[in-house]
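One letter stands for each residue in the lines below.
2 protein chains.
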Amino acid sequence: MTATTGRPSRRGRPGHDRADVIRVGVQLFNEQGYDATSVADLTARLGVTKSALYHHVDSKEQILQIALNEALGGLEDALQAALGHPTADARLTAIVDGAVRVLTERLPQVTLLLRLRGNSDIELAALERRRRFDHTVTGLVREAQAEGLVRADLDAGVATRLIFGMINSVVEWYRPDGPVDPELLGAEIRTVALDGLRPRA
Amino acid sequence: MTATTGRPSRRGRPGHDRADVIRVGVQLFNEQGYDATSVADLTARLGVTKSALYHHVDSKEQILQIALNEALGGLEDALQAALGHPTADARLTAIVDGAVRVLTERLPQVTLLLRLRGNSDIELAALERRRRFDHTVTGLVREAQAEGLVRADLDAGVATRLIFGMINSVVEWYRPDGPVDPELLGAEIRTVALDGLRPRA
Numbered sequence: 001m002t003a004t005t006g007r008p009s010r011r012g013r014p015g016h017d018r019a020d021v022i023r024v025g026v027q028l029f030n031e032q033g034y035d036a037t038s039v040a041d042l043t044a045r046l047g048v049t050k051s052a053l054y055h056h057v058d059s060k061e062q063i064l065q066i067a068l069n070e071a072l073g074g075l076e077d078a079l080q081a082a083l084g085h086p087t088a089d090a091r092l093t094a095i096v097d098g099a100v101r102v103l104t105e106r107l108p109q110v111t112l113l114l115r116l117r118g119n120s121d122i123e124l125a126a127l128e129r130r131r132r133f134d135h136t137v138t139g140l141v142r143e144a145q146a147e148g149l150v151r152a153d154l155d156a157g158v159a160t161r162l163i164f165g166m167i168n169s170v171v172e173w174y175r176p177d178g179p180v181d182p183e184l185l186g187a188e189i190r191t192v193a194l195d196g197l198r199p200r201a
Numbered sequence: 001m002t003a004t005t006g007r008p009s010r011r012g013r014p015g016h017d018r019a020d021v022i023r024v025g026v027q028l029f030n031e032q033g034y035d036a037t038s039v040a041d042l043t044a045r046l047g048v049t050k051s052a053l054y055h056h057v058d059s060k061e062q063i064l065q066i067a068l069n070e071a072l073g074g075l076e077d078a079l080q081a082a083l084g085h086p087t088a089d090a091r092l093t094a095i096v097d098g099a100v101r102v103l104t105e106r107l108p109q110v111t112l113l114l115r116l117r118g119n120s121d122i123e124l125a126a127l128e129r130r131r132r133f134d135h136t137v138t139g140l141v142r143e144a145q146a147e148g149l150v151r152a153d154l155d156a157g158v159a160t161r162l163i164f165g166m167i168n169s170v171v172e173w174y175r176p177d178g179p180v181d182p183e184l185l186g187a188e189i190r191t192v193a194l195d196g197l198r199p200r201a
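Residue numbers (full-length UniProt numbering), protein chains in the order written: chain A, 1 to 201; chain B, 1 to 201.
Treat the hints with care, as some may be off.
As the list claims (entries may be wrong) - Chain B residues, not near chain A, derived (Cβ > 10 Å throughout):
1) Val24
2) Pro86
3) Glu105
4) Thr136
5) Glu143
6) Asp155
7) Glu188
8) Arg198
What the hints assert, rightly or not - Listed below are several chain B residues computed to face chain A (Cβ distance under 10 Å; list not exhaustive):
9) Val39
10) Leu42
11) Val158
It is worth saying that the hints were derived from the structure and are not from the lab. A virtual CB, placed ideally from N, CA and C, is assigned to each residue, including glycine.
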């Protein structure tokens, strides 16, 4: 975009842009674990030099930070959208569907988020954002209990964890090129969470 | 126990037996990731020399193998016990309750199992054992569908994954010294999985 030099706006070697570096970084973190992945692993997988890598990102930590922002930002946006619905029922439905959509659309980034151990400030800050998200969702569940939409004999926190246990398990087996339709999956998870596996009489 | 020498039968330094080495090893693997944990990390945490560590175990891999056997052995035993029940309903109930019991009783080992990435032969073999377990449980779900106990419009494999998504999420938040009773937790997960969160009319 800089007409004076004619250089492309993306930095670094041709064939790799910043998005590639982040995508490959997240892939490696998910394969080996973040702590076990070195900058040398990143350059080897990308087939670039260290200095080419540093054209795109400042550090391994920055790749982690960007990926976690994509995961958490998606979940937070879905929650904001859900909170805009007029009834507790619609809000609960919207957050389940929205979270499943974010998981299937940003699978590698959410996988990374769910496997965090909290071994650095970036990880601890991400876990804290995730806790705030869970806390707000627990509020939605509690509200649904107060309106008689969800059984009141369950602890709202445990219920939230069980719903998100189902949702989050999707990262373990869902594949974008697999046979399961992500829209249907959202509806199935919602049905199982709300109505259970047994046929209703 | 050997009267001739007076040495205790457990090997290595006093204050650490083999069970301690395995317990601390699993703890470190869960904190840092298996790949990122070195033998030096193990000896530092235990406060023993490398040679003292090798009194107890042959290798880092052996600690992993023993822990995965405890997790998978527990789940397989629970499945065998469940298969002995006379009805599909009782079999499904028994495997959900049994799996929750194994998770809460062998939390660190199951946590390790669930975070495996398949980066070594030991990990691949454990993942294959886990797949066989899942396959047999999917058969139980399919059987329950055939008897009208579980909705037939859900794919049995997806239903099994969602149930175990709930069960396995327990490793993320259950703490043995926390307020949640493990027996009640099994019943709650079973209730949510089978009857859902909505009150039945």
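Verification of the supplied hints:
Interface exclusion of Val24(B) from chain A stands, the closest Cβ pair being 16 Å apart, more than 10 Å. Every C-beta of chain A lies more than 10 Å from that of Pro86(B), the closest at about 19 Å, which supports listing it as non-interface. Consistency note on Glu105(B): stated as away from chain A, and its beta-carbon is indeed over 10 Å from all of that chain's, at 19 Å minimum. Its beta-carbon lying about 17 Å from the closest one in chain A, Thr136(B) satisfies the requirement of being farther than 10 Å from that chain.
Against chain A, the non-interface label of Glu143(B) holds: every CB pair exceeds 10 Å, the least being about 13 Å. A beta-carbon of chain A comes within 10 Å of the beta-carbon of Asp155(B); the shortest separation is about 8 Å. With a minimum CB-CB distance of about 6 Å to chain A, Glu188(B) fails to clear the 10 Å threshold, and the non-interface call is violated. Interface exclusion of Arg198(B) from chain A breaks down, the closest Cβ pair being 5 Å apart, not more than 10 Å.
Among the interface hints, the one on Val39(B) is violated; its C-beta lies about 15 Å from the nearest C-beta in chain A, farther than the 10 Å criterion. Hint on Leu42(B) is violated. Least Cβ distance to chain A is approximately 15 Å, over the 10 Å limit. Checking Val158(B) against chain A: minimum C-beta separation of about 6 Å stays under 10 Å; hint holds.
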